[in-house]
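Asker: Sequence:
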Amino acid sequence: MEGTTLPRGANRALPAQVRRLRAVLSWDESEEGAADIDASALLLGADRRVLSDGHFVFYNQTTSPEGAVRHLGRTSTETGAEERVSVDLDEVPDDAAFVVLTASVNEGTFGQVPGLRLVLSGGGEVLARVAGAEAGDETVYVLAELYRRDQEWKVRAVGQGWDTGLAGLAQDFGVDVTDSADTGEPVDGGDGAPGDADQAGDEFAADASSAAAALSVEVTGQAPAERSGALAAGPQVLSAAHDDAGDRGDDLVEVLEPQEDEPADPVTGAAPSAPPAEPSEAVDVPGTADGSTDPAPPVVPSAPAAETAPARAKEVRTRKAKAARPAVPPLRLRLDDSWQPARVFSISGVGTGEEQEKRATSALLATMMGVRAFARSLTGYFDAPGGAVETYLEVPFPLGENTVIPDGVIRVARAGRTWTGLLEVKTGDGQLRRAQVENYLDVAREQGFDAVITLSNEISPGAGEHPVEVDRRKLRGKVALHHLSWAEVVHEAQMTLTHRGVADTQQAWLLNELIRYLQHPRSGASGFEDMGPAWVAVREAVAAGTLRPSDRKAPAVAEAWIRLVRQLRLRLTAELGVAVAHVLPRKVANDPAARIKATTAQLAEDGQLEATLRVPGAVGPVTVVADLRTSRVRTSVRVAAPQEGGGQRRIGWLLRQLSDAPADLLIDTHFTGRAESTCEQLRDVRDAPAMLLPDKNAQVAAFTLTRTTSMGTKRSGVRGAFIPSVTDALEDFYRAVVQPLRPWVPPAPKLPDDATGMPPADDAGDEPGDDGGSSAGAVGD
Numbered sequence: 001m002e003g004t005t006l007p008r009g010a011n012r013a014l015p016a017q018v019r020r021l022r023a024v025l026s027w028d029e030s031e032e033g034a035a036d037i038d039a040s041a042l043l044l045g046a047d048r049r050v051l052s053d054g055h056f057v058f059y060n061q062t063t064s065p066e067g068a069v070r071h072l073g074r075t076s077t078e079t080g081a082e083e084r085v086s087v088d089l090d091e092v093p094d095d096a097a098f099v100v101l102t103a104s105v106n107e108g109t110f111g112q113v114p115g116l117r118l119v120l121s122g123g124g125e126v127l128a129r130v131a132g133a134e135a136g137d138e139t140v141y142v143l144a145e146l147y148r149r150d151q152e153w154k155v156r157a158v159g160q161g162w163d164t165g166l167a168g169l170a171q172d173f174g175v176d177v178t179d180s181a182d183t184g185e186p187v188d189g190g191d192g193a194p195g196d197a198d199q200a201g202d203e204f205a206a207d208a209s210s211a212a213a214a215l216s217v218e219v220t221g222q223a224p225a226e227r228s229g230a231l232a233a234g235p236q237v238l239s240a241a242h243d244d245a246g247d248r249g250d251d252l253v254e255v256l257e258p259q260e261d262e263p264a265d266p267v268t269g270a271a272p273s274a275p276p277a278e279p280s281e282a283v284d285v286p287g288t289a290d291g292s293t294d295p296a297p298p299v300v301p302s303a304p305a306a307e308t309a310p311a312r313a314k315e316v317r318t319r320k321a322k323a324a325r326p327a328v329p330p331l332r333l334r335l336d337d338s339w340q341p342a343r344v345f346s347i348s349g350v351g352t353g354e355e356q357e358k359r360a361t362s363a364l365l366a367t368m369m370g371v372r373a374f375a376r377s378l379t380g381y382f383d384a385p386g387g388a389v390e391t392y393l394e395v396p397f398p399l400g401e402n403t404v405i406p407d408g409v410i411r412v413a414r415a416g417r418t419w420t421g422l423l424e425v426k427t428g429d430g431q432l433r434r435a436q437v438e439n440y441l442d443v444a445r446e447q448g449f450d451a452v453i454t455l456s457n458e459i460s461p462g463a464g465e466h467p468v469e470v471d472r473r474k475l476r477g478k479v480a481l482h483h484l485s486w487a488e489v490v491h492e493a494q495m496t497l498t499h500r501g502v503a504d505t506q507q508a509w510l511l512n513e514l515i516r517y518l519q520h521p522r523s524g525a526s527g528f529e530d531m532g533p534a535w536v537a538v539r540e541a542v543a544a545g546t547l548r549p550s551d552r553k554a555p556a557v558a559e560a561w562i563r564l565v566r567q568l569r570l571r572l573t574a575e576l577g578v579a580v581a582h583v584l585p586r587k588v589a590n591d592p593a594a595r596i597k598a599t600t601a602q603l604a605e606d607g608q609l610e611a612t613l614r615v616p617g618a619v620g621p622v623t624v625v626a627d628l629r630t631s632r633v634r635t636s637v638r639v640a641a642p643q644e645g646g647g648q649r650r651i652g653w654l655l656r657q658l659s660d661a662p663a664d665l666l667i668d669t670h671f672t673g674r675a676e677s678t679c680e681q682l683r684d685v686r687d688a689p690a691m692l693l694p695d696k697n698a699q700v701a702a703f704t705l706t707r708t709t710s711m712g713t714k715r716s717g718v719r720g721a722f723i724p725s726v727t728d729a730l731e732d733f734y735r736a737v738v739q740p741l742r743p744w745v746p747p748a749p750k751l752p753d754d755a756t757g758m759p760p761a762d763d764a765g766d767e768p769g770d771d772g773g774s775s776a777g778a779v780g781d
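Under the numbering used here, think of the first position of the sequence shown as 1, with each following residue one higher.
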């Protein structure tokens, strides 16, 4: 069953022993940047009407009333991003005949979103894959549905879309959607959980942060039956489609880190939603993926029966509220700077080993209790619901004749259901052990817990990968295995404090104290600092020209480089507040083994380790190359030249933005229709820009800016070490060169001259001092 893609209209029976499912909606990043896609689910009765407004599960209402369906938020994948929805079949109400899985786009259409797909998994294996159909103007899609048939659950691929957006689809299924005028207050998530009303305000920012922008919808006054009737007239059976989401060759994709997106400002006064677009014409499907012949009922909602319409306790709001971002309160009353502030988590007296591990664990778990937004950003990694969090330290559990004591226990309560994860922590050089992890998996299975979480300084090469190989049989059933690094914990704390916001200044202060503690060298919570025991031998082999791809030590260095690149993304993402992506060939982005093999081959052939990172809003992707043959680190960025003016004018546009850049920066100039380029140092070009022009007819197309610095050779440490030299080279280059650059923006079209009726003449002056504009993006700046 692994890897099978269901064509549209096909269905498959789900294994009877699998009761807890996870639906992962994924999409790739386009050249225009990250798309804002939201996953949602609706629990429908046999009449294809939602059971209640609370059974519409999405970013503002993350759990159905009985806890059967949960929206788990957004993370990032090797090719883009994903949103996750969990379904517990044992908790689905008896009167629910369908669980419909949908996707909606906030801005633009699905025609602009590449690689849309849905993966349904459970019991440690993939149960079904659904590829998004070729899309045009659709803004909402029903990708798949789970449905009962003779006490058996099945999944059907749907792949049908409309242009009405999320709110329009919800209304079509019978949800009362409304958004009042912006009051500046947080919107109640409406999860239906008892006792959560007093927590709705501070919880909302965390639960809603997995979506990126606001929706604001007014009820049109059109009767649900009228809206549904237009859809019901469509085809009753869906057409089959081939899977076209396969390998696309060597095209590049962007790898992002798991993160909580910043909620946008609420939008008010939106126009009524338009009627849904008619689905495309369909053909009959002769059979299904598993050979059954279940007829495919229409996915479109039917008109509600007045006598059976469920009561609505309240209307659903799709508008999102702002997250508060209070700052850490300053200390203003001390008489002298020598007064040291009191610390919540003191580093004084911290030893090594067990004491270090216990202090770091206790500090983390206590902060999760005190700062719910931070707790939610971490528990989102583990598919936990967004609810009240409680944490415990060193809880003993029986296992056969022995007793095992995990370092911590995390429990989350939401909508009458409790999620539990066991936490195993290592600090310093402590290594996770397979036997210990497997023991905790056994305990979790016996206790009916949900997950085992490992936390150490080891960074996994990619999101979702675990550094410890365990017996796959222990992952069957409902227990999941997750890994976090301390670097990721600090990353989430910084993102929450600086960019997402917390409830009040006291929470900001507490989270700042945790960051301060974890960043202290004696906390034991370091980042990736060691290239491993194979580093010296491989570096020397590269210098001698004897390294080959078959060298047994080379893959270890390649994997260490991949981990370092991930740490670089984490650092930049936390410092900049935007999702920094690793640009990779598609054929290796989703395959860790292929990624290591490709990195090893490049290391053996060129003696180089290379990565390209894309920072949203930057002038271009930044490439960092560690050349082990020359012991130099090269950082570079390619900048498109203005598309107006002569060569000197285009060069002048660039030089004005590099006024504070290092003098040893290399400027490589590329020309239209010519293979040759020119290259000079910035210190020389400042006085003689014409050095970059081979002749007056050369048309400048782009520039490549490069800086070379010394590479550290030691496997670990600070002075003379490899990792700090690469990190400093990248951050210094971004700060001094990339950050000040702004791309050229073409001027606005000009109206004809009033006197002559002719378009105004373009100012095509070719001298560097010919301004021709006043903005930084203009050529003449």
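Do not take every clue at face value.
Below, a list of computed lysine-lysine pairs in the DSSO-like style, where the Cα atoms sit at most 30 Å apart [unchecked claim]:
#1 K358 - K478
#2 K714 - K750
#3 K474 - K597
#4 K154 - K553
#5 K553 - K478
Have a look at the derived ranges for each label pair, beta carbon to beta carbon [said to hold, decoys possible]:
#6 Y392 - E469: 46 to 54 Å
#7 D606 - P330: 46 to 54 Å
#8 P329 - Q151: 30 to 38 Å
#9 R476 - A342: 25 to 33 Å
#10 Q151 - D471: 51 to 59 Å
#11 M369 - Q519: 16 to 24 Å
I should point out that these hints are in silico values taken from the structure, not numbers from a laboratory. Just so it is clear, CB atoms sit at the ideal spot from N, CA and C, and this is done for glycine as well.
Asker: For every hint, state whether the structure bears it out.
Answerer: To see whether the hints hold, each was checked on the structure:
1. K358 - K478: The given pair, whose Cα atoms are some 28 Å apart, holds under the 30 Å limit.
2. K714 - K750: Judged against 30 Å, a Cα distance of about 59 Å means the pair is violated.
3. K474 - K597: 29 Å, holds
4. K154 - K553: Violated: K154 and K553 sit about 47 Å apart, past 30 Å.
5. K553 - K478: 37 Å, violated
6. Y392 - E469: 46 to 54 Å: Because 28 Å falls outside the window, the suggested range is violated.
7. D606 - P330: 46 to 54 Å: 51 Å, holds
8. P329 - Q151: 30 to 38 Å: 59 Å, violated
9. R476 - A342: 25 to 33 Å: 49 Å, violated
10. Q151 - D471: 51 to 59 Å: Violated, at about 32 Å.
11. M369 - Q519: 16 to 24 Å: Holds, since M369 and Q519 (Cβ atoms, about 21 Å apart) stay within the stated range.
In this structure, the hints that do not hold are numbers 2, 4, 5, 6, 8, 9 and 10, in rising order.
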